[in-house]
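Residue numbers for the sequence shown follow UniProt numbering, beginning at 1 and rising by one.
Think of the hints as simulated: they come from the structure by calculation, not from any bench.
Any given hint could turn out to be false.
[Stated by the list, open to error] So the derived label-pair ranges between C-beta atoms look like this: (1) R466 with C247: 46 to 56 Å; (2) A292 with P104: 30 to 40 Å; (3) A173 with A447: 48 to 58 Å; (4) R297 with R440: 19 to 29 Å; (5) S106 with E239: 31 to 41 Å.
Just so it is clear, CB atoms sit at the ideal spot from N, CA and C, and this is done for glycine as well.
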Amino acid sequence: MEAHYPKYLLYCLLIAGSWLISCLLHFQYFHLSLSSSIAAPRRAALVMLPAALDASFLPAPAVEAEDKRWSASPSLSSPPSCEGRYVYMLDLPSRFDMLRDCVPGSPLFDDMWSWCAITVNAGLGPKIVPAAGNGSDGDIIPSTGWYSTDQYALEVIFHHWMRRYECLTDDPAAATAVYVPYYPALELHQHLCGFNTTARDGPSEAFLRWLSSQPTWAALGGRDHFMVAAKTTWMFQREPGGSDDGCGNNFLGQPETGNMTVLTYESNIWAPRDIAVPYPSYFHPSSAGEVAAWQARARAAPRPFLFAFAGARRLKGQLAIRDRVFDVCKAAARLGRCGLVDCSHGLEGSITCRTAAKLVALFTSGRFCLQPRGDSFMRRSSIDSVMAGCIPVFFHRASTLEAQYRWHEPEPGRSGRYYVLLNSDDVLEGRVDIEEELSRYTDEEVAAMREELIRMIPRFLYRDPRVRFEGEMRDAFDITMNGMMDRMRRIKNGDDVTLKGDDSDEAMGANDS
1 MEAHYPKYLL YCLLIAGSWL ISCLLHFQYF HLSLSSSIAA PRRAALVMLP
51 AALDASFLPA PAVEAEDKRW SASPSLSSPP SCEGRYVYML DLPSRFDMLR
101 DCVPGSPLFD DMWSWCAITV NAGLGPKIVP AAGNGSDGDI IPSTGWYSTD
151 QYALEVIFHH WMRRYECLTD DPAAATAVYV PYYPALELHQ HLCGFNTTAR
201 DGPSEAFLRW LSSQPTWAAL GGRDHFMVAA KTTWMFQREP GGSDDGCGNN
251 FLGQPETGNM TVLTYESNIW APRDIAVPYP SYFHPSSAGE VAAWQARARA
301 APRPFLFAFA GARRLKGQLA IRDRVFDVCK AAARLGRCGL VDCSHGLEGS
351 ITCRTAAKLV ALFTSGRFCL QPRGDSFMRR SSIDSVMAGC IPVFFHRAST
401 LEAQYRWHEP EPGRSGRYYV LLNSDDVLEG RVDIEEELSR YTDEEVAAMR
451 EELIRMIPRF LYRDPRVRFE GEMRDAFDIT MNGMMDRMRR IKNGDDVTLK
501 GDDSDEAMGA NDS
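Let the hints inform the model, and build the full structure from the sequences given.
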């Protein structure tokens, strides 16, 4: 036995030596990764985010290979070319960080009604737990990919995606565009209505003064800057010098924002800087397989209702077309022809109409979904109807996806008709009966329109920004960034970036059919 000791000792030394070498190599790789991330154009690991985000809500940057969203590229062996697509992300002072108080244990963090609540799961909101097959509203919702996403959460979601954008750069001079991670809608939401104009305008004016003093601003006067404002454009265009009554501020009326490109949920399509991007839906998949499975489920869903509507009346008949739609659906519901979710009952009604399970169940049960205008032309419900494969019925041209989301419309030559547009005056004056008009569409026509709508689903959803997407698919973020980069290149070339129809009366005509 004594003769075998040297052999066993040698084995032990070899094992210990291998472990030591492995540790040294891992340390060297980690050190080189940090060094290369400082020198390389990408800066995903170095983006300075609000402290509260880094601590609580935003996941740590993924490993370099996982962080790049190569799945959207034609070639999976290398990242997409960044030529003409580099973006510089500004680092904001903490005083402009809307989520600085959203830390565990703080009063805002624990308040379910505060804006902190929308930051859960990278802005996607709480995960929806599907029903247990008991015939309830949640039965239609799959077990993965669905969240109770607040309609005003896009600033947070978009910021998360920008942290993973494959062409971030540390060099402003090399950038095609500058992304500004400020949250104007969350800031405004604190004093949206019932405050004096100083309270509503002051914080955003202070931010714009800081922004316009930055070195990146000087090159083009901010014309290469872009940001997301997660409300409709009208909430940021209060008339200057007005009374303290009403809601909103004058953020988009300032000279600085007049030079920038601001992405809102609903645009003033006469304004060349004012471009709309889709509301976030409740569906945020992590794979192309999840999307295909949902498309199949929406395609196969039984649809017992001719049409469906979710919404509330307005006080004192302020929106006549909305009241008419409500009356038509309520009458048809008694005959089993219309599915209705009534949001008219104060807080309870508001919560009901923000319950994803109820809305998804409703819209996957209808052939058509009625989309009368609300406080403005565009409604989140229109995006929900796309996700459900429910053919939207509009009553104003400015409410259509075609007018608002021109970057996200199907490619020219590939799209069929996927919506119905009725003249609101004709409906109100009795020349058009909604139920009769929709009944004229044959089963074949409805199936073709629904199929076109279902094919559009990927273009109007935002993928889960926390994980690497499995498969190939362009989502609303990809399409937005492609449109933005094209716009910024044209601005730098001195081209006209006015979108077609911006100066057309027909584009905003309320009653064109």
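Hint by hint, here is what the structure shows:
Checked against the given bound of 46 to 56 Å, the beta carbons of R466 and C247, roughly 33 Å apart, lie outside it. In this structure the supplied range 30 to 40 Å holds for A292 paired with P104, their Cβ-Cβ distance being about 37 Å. The beta-carbon spacing between A173 and A447, approximately 53 Å, falls within the hinted interval of 48 to 58 Å. At about 28 Å, the beta-carbon gap between R297 and R440 stays in the expected band of 19 to 29 Å.
For the pair S106 and E239, the supplied restraint of 31 to 41 Å holds, since their beta-carbon distance comes to about 36 Å.
Violated hint for the displayed structure: number 1, the only one.
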